[in-house]
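Novice: All chains, please: the whole structure from these sequences, using the hints.
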Amino acid sequence: MAIESEWDAGMSDRVRPSNGILVVGDSTVDWTIAEPPGRSSDSVDARYAWTLYDGPGVSSIAGGSALDTAILKAVSAYTGDSVPIAGPVIPPAILGDPQSAEITRTFSSWSALPKISGGRELAWRLERFIGLHPARGFSSRVEASAADFDPACIMIEDGNQFFRTDPAYWPAQIDSSNAQIVVRQTGALGGGRLWDHLISTAADRTTLFCTVGDLRREGAPIGQPLSWERTAQDVASAVRARPELRRARTVVVGLASSGAVIVDRDGVDRLVYDPRSQEGDWERLRPGQQFGAGTMVVDALAWELRTRGASADLRAAVVSGIETARVLHEHGFQAEPTESGIQIDFPYERIAESIAGGVDENSDIECVEISLDPAWRVFDSAGSFRESAEQIARFGVSRVGKQIPLESMGHWSSVDRIEIESMRSVRNIISEYLANPGRPRPLSIAVFGPPGSGKSFAIKQMASVIAPSRNPLGSLEFNLSQFQDAGELPAAFQQVRDLRLREYLPLVFWDEFDSALNRQELGWLVSFLAPMQDGTFAENGVNRPIGPAIFIFAGGTHATMDSFKARALELPGAKATDFLSRLRGYVDVLGPNPDSPEDRTFHLRRAILLRAVLQRNAPQIFAGDEVRIDDSLLAAFLDVPAYLHGSRSLEAIIEMSAISRKLAFERSSLPAVHQLALHVDADAFMRIVQGN
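With the first letter of the sequence shown counted as 1, position 688 gets the number 688 in the numbering used here; the numbers rise by one all the way through.
It is possible that part of the hints are untrue.
Within a straight-line C-alpha distance of at most 30 Å, the following computed DSS-like cross-link-like pairs (lysine-lysine) qualify [unchecked claim]:
#1 K460 <-> K575
#2 K565 <-> K460
#3 K575 <-> K565
#4 K115 <-> K460
Listed next, with one range per pair, are the computed distances between beta-carbon atoms [unchecked claim]:
#5 F129 <-> D639: 52 to 60 Å
#6 R242 <-> S363: 24 to 32 Å
#7 G410 <-> R120: 51 to 59 Å
#8 G219 <-> H197: 22 to 30 Å
#9 G219 <-> A310: 49 to 57 Å
#10 D81 <-> A172: 20 to 28 Å
Derived from the structure by calculation, the hints contain no laboratory data. The C-beta atom is built at its ideal place from N, Cα and C for all residues, glycine as well.
Specialist: The structure is reproduced here in structure tokens:
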């Protein structure tokens, strides 16, 4: 039984509409199993489960090109423009038969999950993909009813199944019309007879959509998300490295619900991104697997190409698609209780409204041109860093500098690409360690930064975000510069073991690990080699296991890993090479002071830090998001040449100021000049305050 193709039956056969969309390609039937809310698979003994009457419901949804057809028809109906849409419609006999092999079938489990982690409001979302049964052959031929259809856009679902292999199934309009073409490929990108035909006959009209996951599966050197700059450069380079992909006019690579990369054959490459959420971050806060993110972008692209043709604003279409994907996941699918169980259905009206509405003027999604310069930063195009810093300090990041990527973990935030990449890479390493139940030895990480840069604070805030629900993290801190000798280490390791006995996963800070021991520079390193490698320590001649733990080695005399490594390798007796080989990652934390004459972001770091300290110490001076602070005083905090003790000095100045009973931070609130001199160049600070 062939899947039928429909278009507006009210039009005369003599009419050849030129503003419609023709949808072709692989279709599926997506079978959903909906589990009643509050019922987990192990909550009822299997011997008694048969007595329950509120069991799971089974329903089906048209997928692939049939889903695209239904969505675009809903968009057409919502706009009231009667845009003709032709495409596959799955007959009820197939849509209602889970054993039909005439079409590819997918199976998945759906549940009512919290809209956001920890929340009480629920949404029906995909919880687990069960599997797929491929069809025996292609069954979505476009019938003769669309033969006279003259589309403005042809949308092709190439799911690497049957459609790409046989020209008999391809619509003649690929060759006979000037329609814009948007094709989504899943697997075997840039391959197949269909792709070769599109490139040979319609390359200038073809836009390819694929996901970053497809590129990674095919070996593209695209790392896990560390910074928007790195992701954008990796994706753009991966696409341009493949001649078969470069031949299309445009390639759009989807990055889930957080962004996309648009690679233009003859123009500039662009990054569409959420400055507050890198790839996967937005979804991580919303339980359940995302369904249909690519479909939303492809459908938005098709609608825009139909409307504007070769002059289509693909950036706007991609933004609309991402926002629609978020709407779909945020609110979930429709669910209706019936006698046969809960029935799941696609929310066509809600999605049609989102696509037809275009880009919200208050959208969180931004766009920037991509540079392949390794030193490129998104905020290079953000204008004056100093002006942005002032606005961030006064109003917060939500009011200004929207295009500046901000990474936050707990109460820690950063706008510096290198710092963000380091923190995210370490977070990934720790997350992998936590996900491995058979951890034989501690995970060892190093963290460096100038005094007062907030090294321990940054790591603790990261840990608060990724702490497991079982075996929560328990923190211990040991300052090795205060130990008399290595004989004190066994007692410290015993405290680590005690935490394990209390079912905590120890997060252990070894502060100033790079200090001297018995006047030997870097003398502590050798004492940690066995604990790091074997997960044991010696006590009274007996080797004792430490067990799983996270060791954080915080530098005290070296501000960066490069500085530590350079000096360590000059001291072969310190066993630095052995120590370095046991580390699994490191972070260089930047403080509020410029780390070099070329540092252009220290104003932004100071602004974020200043606002955080004021919120913690003087919340009454805030009026909503705005902090009430004298203009010249704010300028002094941002422009003073240096904080003598890093972030501790900035915090100390605020704690020394008389603001606890005031509703604004005024000049008169400052401590005496000789007190200021403990933490800054007091004369320079006061010159700025006085406008000199």
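Novice: Can you list which hints this structure breaks, lowest number first?
Specialist: Failing hints, ascending: 7 and 9.
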